[in-house]
Amino acid sequence: MKPDEATLTENGALSRRDFLKIGGTGLVVFFWVGPLDAFQQPPQPYAEAPPSTPTDFNAFLQIRPDGRVTCMVGRVELGQGLQTAAAQLVAEELDFPYDSIDMVMGDTDVCPWDVGTFGSQSMRVMGAILRAATAEARAVLLQMAAEKFNAPVERLQVSDGVITDPAQGKRITYGELVQGKRIERHLTKVPLKPVSAFKAMGKSPQRKDALDKVTGKAKFAGDITVPGMVYARILRPPAHGAKLKSVDTSAAEKMAGAQVVRDGDFIAVICGRPDLADRALALIKAEFDRPQTGLDDKSIFDHILKNAQPPKVMAESGTLADADKLANPLEQTYFHSYGAHAPIETQSALAMIEGGKATVWAATQIPFLMRDRVAQALGYSKQNVRVIVPYVGGGFGGKNNAQNAIEAARLAKMIGKPVQLVWRRDEDFFYARFRPAAVVKIRSGMNEGKIVSWDYTVYAAGDWGAITFYDIPNQRTTTVPITQTAWRNQDNGAGLHPFYVGPWRMPGAITNTFARESHMDILASNAGIDPVEFRLRHLTDKRMRRVLEAATKQFGWKPARAPSGQGVGVACGTFYKTYVATAVQAAVDKRTGKVRVERVVTAVDAGVIVDPEGTRQQVDGCITMGVGYSLSEEVLFSNGEVFARNFDSYEIPRFSTEPKTEVVLVDNPELAPDGIAEPPIITVGAAIANAIYDATGARLYQLPMTPARVMRALKQS
Amino acid sequence: MERAISFTLNGKPARVTVDDERTLLWVLRADLGLTGAKFGCGTALCGACTVIVGKEAVRSCTVPVKDIAGRHVLTIEGLSKNGQIHPLQAAFVKQSALQCGYCTPGMIMQAYALLLKNRRPTRADIVRHMDNNLCRCGDYNRIVEAIQEAAGATKARAS
Numbered sequence: 001m002k003p004d005e006a007t008l009t010e011n012g013a014l015s016r017r018d019f020l021k022i023g024g025t026g027l028v029v030f031f032w033v034g035p036l037d038a039f040q041q042p043p044q045p046y047a048e049a050p051p052s053t054p055t056d057f058n059a060f061l062q063i064r065p066d067g068r069v070t071c072m073v074g075r076v077e078l079g080q081g082l083q084t085a086a087a088q089l090v091a092e093e094l095d096f097p098y099d100s101i102d103m104v105m106g107d108t109d110v111c112p113w114d115v116g117t118f119g120s121q122s123m124r125v126m127g128a129i130l131r132a133a134t135a136e137a138r139a140v141l142l143q144m145a146a147e148k149f150n151a152p153v154e155r156l157q158v159s160d161g162v163i164t165d166p167a168q169g170k171r172i173t174y175g176e177l178v179q180g181k182r183i184e185r186h187l188t189k190v191p192l193k194p195v196s197a198f199k200a201m202g203k204s205p206q207r208k209d210a211l212d213k214v215t216g217k218a219k220f221a222g223d224i225t226v227p228g229m230v231y232a233r234i235l236r237p238p239a240h241g242a243k244l245k246s247v248d249t250s251a252a253e254k255m256a257g258a259q260v261v262r263d264g265d266f267i268a269v270i271c272g273r274p275d276l277a278d279r280a281l282a283l284i285k286a287e288f289d290r291p292q293t294g295l296d297d298k299s300i301f302d303h304i305l306k307n308a309q310p311p312k313v314m315a316e317s318g319t320l321a322d323a324d325k326l327a328n329p330l331e332q333t334y335f336h337s338y339g340a341h342a343p344i345e346t347q348s349a350l351a352m353i354e355g356g357k358a359t360v361w362a363a364t365q366i367p368f369l370m371r372d373r374v375a376q377a378l379g380y381s382k383q384n385v386r387v388i389v390p391y392v393g394g395g396f397g398g399k400n401n402a403q404n405a406i407e408a409a410r411l412a413k414m415i416g417k418p419v420q421l422v423w424r425r426d427e428d429f430f431y432a433r434f435r436p437a438a439v440v441k442i443r444s445g446m447n448e449g450k451i452v453s454w455d456y457t458v459y460a461a462g463d464w465g466a467i468t469f470y471d472i473p474n475q476r477t478t479t480v481p482i483t484q485t486a487w488r489n490q491d492n493g494a495g496l497h498p499f500y501v502g503p504w505r506m507p508g509a510i511t512n513t514f515a516r517e518s519h520m521d522i523l524a525s526n527a528g529i530d531p532v533e534f535r536l537r538h539l540t541d542k543r544m545r546r547v548l549e550a551a552t553k554q555f556g557w558k559p560a561r562a563p564s565g566q567g568v569g570v571a572c573g574t575f576y577k578t579y580v581a582t583a584v585q586a587a588v589d590k591r592t593g594k595v596r597v598e599r600v601v602t603a604v605d606a607g608v609i610v611d612p613e614g615t616r617q618q619v620d621g622c623i624t625m626g627v628g629y630s631l632s633e634e635v636l637f638s639n640g641e642v643f644a645r646n647f648d649s650y651e652i653p654r655f656s657t658e659p660k661t662e663v664v665l666v667d668n669p670e671l672a673p674d675g676i677a678e679p680p681i682i683t684v685g686a687a688i689a690n691a692i693y694d695a696t697g698a699r700l701y702q703l704p705m706t707p708a709r710v711m712r713a714l715k716q717s
Numbered sequence: 718m719e720r721a722i723s724f725t726l727n728g729k730p731a732r733v734t735v736d737d738e739r740t741l742l743w744v745l746r747a748d749l750g751l752t753g754a755k756f757g758c759g760t761a762l763c764g765a766c767t768v769i770v771g772k773e774a775v776r777s778c779t780v781p782v783k784d785i786a787g788r789h790v791l792t793i794e795g796l797s798k799n800g801q802i803h804p805l806q807a808a809f810v811k812q813s814a815l816q817c818g819y820c821t822p823g824m825i826m827q828a829y830a831l832l833l834k835n836r837r838p839t840r841a842d843i844v845r846h847m848d849n850n851l852c853r854c855g856d857y858n859r860i861v862e863a864i865q866e867a868a869g870a871t872k873a874r875a876s
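Protein sequence lines, in the order shown, are assigned to chains X and Y.
Residues in the first sequence are numbered from 1 upward in steps of one, following my numbering.
Residues in the second sequence are numbered from 718 upward in steps of one, following my numbering.
Same shape as in the complex, but just chain X:
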């Protein structure tokens, strides 16, 4: 039967029966992997919509008659290498050849429900489920072979998908064993392989997607075509909050091959070719009433401080007031501007509606949430919307919304044809859910070279990474409630931000790490102590000590009080259970304020390492992007108009800004694999700020540290 004929259970999950129908030929083995609800709860800031709680999303594996294995996961490949790492997990726990595993990802009709690909939790959350499920599958297969061979399970051996009974000289492959039969068994308490027995994990196979990506065969959402499809462009306001006053579409309507469609203020042109749609859109004359909010990239920080809801204490220990009396408090405020994700692939979708069912091929991190939102927008039930995610050209949190797909689906419904909507670069910037501008205030006290008090307040960044891991006897961490600080308020009901904001590769933690680690350096310098030594004096957390020592050892850190003139800086950070330390060498051109980051050494402890090369790639990617947010990336705006429109008005890193990078992987085989795609980015900003100070004595309190800000800081130093 065709996939779209499948029915779904009330909560949106496929029933086993339906899944088997979809799966077609070959055995789908179902596994009991324990209560999963807790695993699948999205982290708080992402909980825009309450997740459905599927009763059955245990069907990850299909053993096909041709002897290959298909692994289905609801997450997507954004470049982070999950396709490869997930196949490695399956290869390991199933004892099956990596090359014979096919991954199917992000198809809401075929893959088990998933919350979305974000928060560096794919290995931590999904990886854990997948390992458990696969281990159980292997045990089921062994049990089946034992019955067939009439042999005790303990006597059987497995290698590369072949089960042998040495005593009887019998062998059988998984494919031969299951022969397309349907089997559903549940075993309990199947142990996972110990790390010492790993064969596939801990190695770096060739990326599953590599060949397709170097040959141009890899399909992204904008590369998908269906017969009869057309291309759309949408009339956009010049500023957030602008209201359409008048519009004249007559010239566009006269253009050959162009069609204008309208639903209220939603006005689009449709053409048989995308560049002709651009031309038709340019013929529309529209006037807008523009808002005069008085808000721009400079006044925003006062606005945030004045309009934020009262901060609430999230953690407190010791007696801050008493400590404050003892110590000579140092108060400092740190600022962070809005940032854009700017993946090279803009938001893209192709929407097709046939027989009351919508199929959307989309560049998204959230296939299942997108399905639900498209369904809502079209007035369809969830089972009548299918989202298919091909390769995604980068996300970084920027593809955690569904606007582009909803627009494509609405247009497809309005005109009765499949519609491709690939946003232009300026649209991608304009509707980006920016990393929020934020303010951090720290008041700290020292006594005999030790910090005795730490009063930390963060506005608008969110609380991730806000609580310090340094040993400080009297401390308090205060944050604005998450409901206002961040991205849950898609309607901006709280009025804090002039446009949408959202997660950006490691939300909150970049801002909080920049503030904390800059402040640590100031205190170290004031106390006349080397910044590494100063941190170690305040660290009993062994994992943090280990990454800091590993990074500085690799770096060849020469202890000195800053500013030493060497141009070196360090920073430490943690997210969930991943630990990061970064050491930076930077040079500052005092005539121009330009900072050149020359070398970055990052040490990471993210538990057991599944794919060392993939891990290094993620850390290197974080360093590259980290240099961007640190030095140049800033969304300038005024009265709702966004001045970041393309790569000339929003500067991302390029070949000539790339530092030499070195990655130290601190393997921690006792711990489950943890996130790696984001945490190494959080320390880059502070490490560079500290290196600038070490080079020049100029302290930067705002990200990004643009040449103009560096020049101002140099004058004040």
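It is worth saying that the hints were derived from the structure and are not from the lab.
In silico DSS-like links for lysine-lysine, alpha-carbon gap of 30 angstroms or less:
1. K285/X to K243/X
2. K783/Y to K254/X
3. K811/Y to K219/X
From a predicted model like this one, the values you see are computed outputs, not experimental measurements.
Start from chain X and add chain Y according to the hints.
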């Protein structure tokens, strides 16, 4: 003006009848079905749409299709020969010089043009030549290393 334009595409004769002011990128992608060249910025700022015209790397998003009449156009789809991927493609795989892969075809075509002119580029040559090709998730060092490796391989193959 709509007219027939003939050119050589990946070594084979090609002919399109289109509005000749349209851009090469969208003619390749929407009319000829070659989706290897990507849309990234639309204004020649990112290099995702890079293809070779003659011996030069061009930004196909800003090249009107009339400019390629009678010229040789090479896209990522035409880089493999006799079922063998090009040494640049092999080196990008080997060096893990890609992540999301969206900029990759443009990177490889830009590098291809460099190696046509300079068989033994230094690191500085590569950085200068590649500097307007943007990658957002990977790291540039691996791409430089892949190009260096491919330069060695193409030299070895030529000799």
